[in-house]
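S.K.: Protein chains in written order, with my numbering: chain Y, 138 to 410; chain U, 7 to 294.
Honestly, the hints are just simulated from the structure, not real lab data.
A hint or two may mislead.
A partial selection of chain U residues facing chain Y, derived with a Cβ cut-off under 8 Å [as the list claims (entries may be wrong)]:
1) 185
2) 186
3) 189
4) 192
5) 194
6) 275
7) 277
The beta-carbon is built from N, C-alpha and C at its ideal position, and this holds for glycine as well.
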Amino acid sequence: MLSRQVIGLPNAAELGAGVSVTFNNVTKVYPSRDGSIEAVDDVSLDVGRGEFVSLVGPSGCGKTTLLMMAAGLKSRTGGEILVGGQRVEGPQTNTGIVFQDPTLLPWRSVLENVMLQVEIRKLDRDRFRKRALKLLESTGLGGFESSYPHELSGGMRQRVSLVRALIHEPPLLLMDEPFGALDAITRDQMNIDIQKLWMEQRQTVLFVTHSVSEALFLSDRVLVISPRPARIDMELAVELPRPRKLSDRESPDFGRLVGEVRDVFLSRGVLRQ
Amino acid sequence: MIDETQQEVVQSRTRSSSEAGARRRRLLRSLRTLGEVVIGLTLITAAAEVILRVLDVPTFLVPTPTRVADSFFMNWQLLWTNSLVTLKEVLLGFIVAAAGGFVLAVMIAYVPLLRRLLYPVIVASQTIPKIAIAPLLIVWFGFGLAPKIIVVFLIAFFPVVIASTVGLKSVDENMLHLVRSMGASAFQAFYKVRLVHAVPSIFSGLKIAITLSVVGAIVGEFVGADAGLGYLLLIANGQLDTPLMFAAVVVLSLMGVVLFAVVSSIEQITPGHLRDAEVTDEVTSATL
Numbered sequence: 138m139l140s141r142q143v144i145g146l147p148n149a150a151e152l153g154a155g156v157s158v159t160f161n162n163v164t165k166v167y168p169s170r171d172g173s174i175e176a177v178d179d180v181s182l183d184v185g186r187g188e189f190v191s192l193v194g195p196s197g198c199g200k201t202t203l204l205m206m207a208a209g210l211k212s213r214t215g216g217e218i219l220v221g222g223q224r225v226e227g228p229q230t231n232t233g234i235v236f237q238d239p240t241l242l243p244w245r246s247v248l249e250n251v252m253l254q255v256e257i258r259k260l261d262r263d264r265f266r267k268r269a270l271k272l273l274e275s276t277g278l279g280g281f282e283s284s285y286p287h288e289l290s291g292g293m294r295q296r297v298s299l300v301r302a303l304i305h306e307p308p309l310l311l312m313d314e315p316f317g318a319l320d321a322i323t324r325d326q327m328n329i330d331i332q333k334l335w336m337e338q339r340q341t342v343l344f345v346t347h348s349v350s351e352a353l354f355l356s357d358r359v360l361v362i363s364p365r366p367a368r369i370d371m372e373l374a375v376e377l378p379r380p381r382k383l384s385d386r387e388s389p390d391f392g393r394l395v396g397e398v399r400d401v402f403l404s405r406g407v408l409r410q
Numbered sequence: 007m008i009d010e011t012q013q014e015v016v017q018s019r020t021r022s023s024s025e026a027g028a029r030r031r032r033l034l035r036s037l038r039t040l041g042e043v044v045i046g047l048t049l050i051t052a053a054a055e056v057i058l059r060v061l062d063v064p065t066f067l068v069p070t071p072t073r074v075a076d077s078f079f080m081n082w083q084l085l086w087t088n089s090l091v092t093l094k095e096v097l098l099g100f101i102v103a104a105a106g107g108f109v110l111a112v113m114i115a116y117v118p119l120l121r122r123l124l125y126p127v128i129v130a131s132q133t134i135p136k137i138a139i140a141p142l143l144i145v146w147f148g149f150g151l152a153p154k155i156i157v158v159f160l161i162a163f164f165p166v167v168i169a170s171t172v173g174l175k176s177v178d179e180n181m182l183h184l185v186r187s188m189g190a191s192a193f194q195a196f197y198k199v200r201l202v203h204a205v206p207s208i209f210s211g212l213k214i215a216i217t218l219s220v221v222g223a224i225v226g227e228f229v230g231a232d233a234g235l236g237y238l239l240l241i242a243n244g245q246l247d248t249p250l251m252f253a254a255v256v257v258l259s260l261m262g263v264v265l266f267a268v269v270s271s272i273e274q275i276t277p278g279h280l281r282d283a284e285v286t287d288e289v290t291s292a293t294l
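My request is simple: use the sequences and hints to build the entire structure.
M.R.: See the structure below:
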């Protein structure tokens, strides 16, 4: 159903399969009333072109800060970040961003919300309008183009947000707990859908989540982040074949990976028994 | 997609097909509200007429509604020309207050330093009774239009500043992040997101401001004027022409209601009013 023809995407080679993302000794210190708060402490990481990488860690550990710094929406205190070989100095425009909240404009219809991306980027409206309609169709929102956000369920709104992040074919997709506010069933469905979309487009994805099993299900690589200040505690390659099925989560291999992450959380005191 | 989505689809379809029906229901509801208001006013007027006649209250104290109506028809030309004077003061003052208040709000919302500098001054300016400085304005600007516009501005700009600032500042931080990631300029972020987001708040400020503008114009005229409904009120008062005073008050109140309705209607055709309009509708009908 989500065939390349249906969505009208160029093939993976044309897309260039995303951009690489590199963090070199990145630090972030927030000034605060009583001294300063170290949010990120010397993080270095490499994300390959077209790789799906998740950041997993406890609340308030600085995962979101890492993501926002990659987007150029938050400044860093030290180190450097490269996206596609270019140093990040201001807001990055070659990204698509999905937040936990759908952040739609309530006065715009579904299609108009998606087209905001096209309007501001001054892209060809007719061409992207067709693409928007196809993407909406393929994410189960066909027939809802002229509905308004308040008329949709939470899951549908988040799909609109996802389509808006994908419409301009960004080489880098940044997702900050995109399914954190959804019910478990909708969340499973979104995991399946996002895997499908990603397998066709192969953009680079940085995905922040609390859910270990969601991270393992989706990612090529999972980075376990320590409690604040954020550091990379463990790197875990997930070598399960794709497309992955929900039932894969009950497989012994999957269970072993979940166990490894849990052991890190236990050793770091994030979890206590 | 799978069943769960299908279910959402069905639910939402039902909701959007009832949209047209909802609009019709809303129209019927406003008509009914209007009808209720008319019936209520008629009953109160009739009751006043009866009570005043039965108690035989002297006309110079409280005239019966029929006497007020008599005076209205006898003096309609006087009332009309003076209404135009007051209306001009109200409208000019309101426009200055709305524009000035909005510009101040944008400055306050965007520049933290200005917020710290201006906010206390703006709040302090509200603690000064306008009626107390109105004579001073007459000294400075004479009996013409200017002092009235200034009084209207001083009374009416405050709600515009406060409400617009709240609206402009309450926009979701992530929404602004998002448009910046799309490469939006500061100006695009302002008019595509912030401004439209603030529309309901701005209009709640404007609706308060338009009613206060009428008050402001009358205050200005009371202190020194040679025309206007406030001036007419003073003259009628001097001649103990109570029916004319009542007629002038009725005209003033009508002016306020009509101006309020005009501002509300402009809101309805402004983008961004969307669902908040329903909330306002409910507030308005609750107030009525």
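S.K.: Please list, smallest to largest, the hint numbers that this structure does not respect.
M.R.: Failing hints, ascending: 4 and 6.
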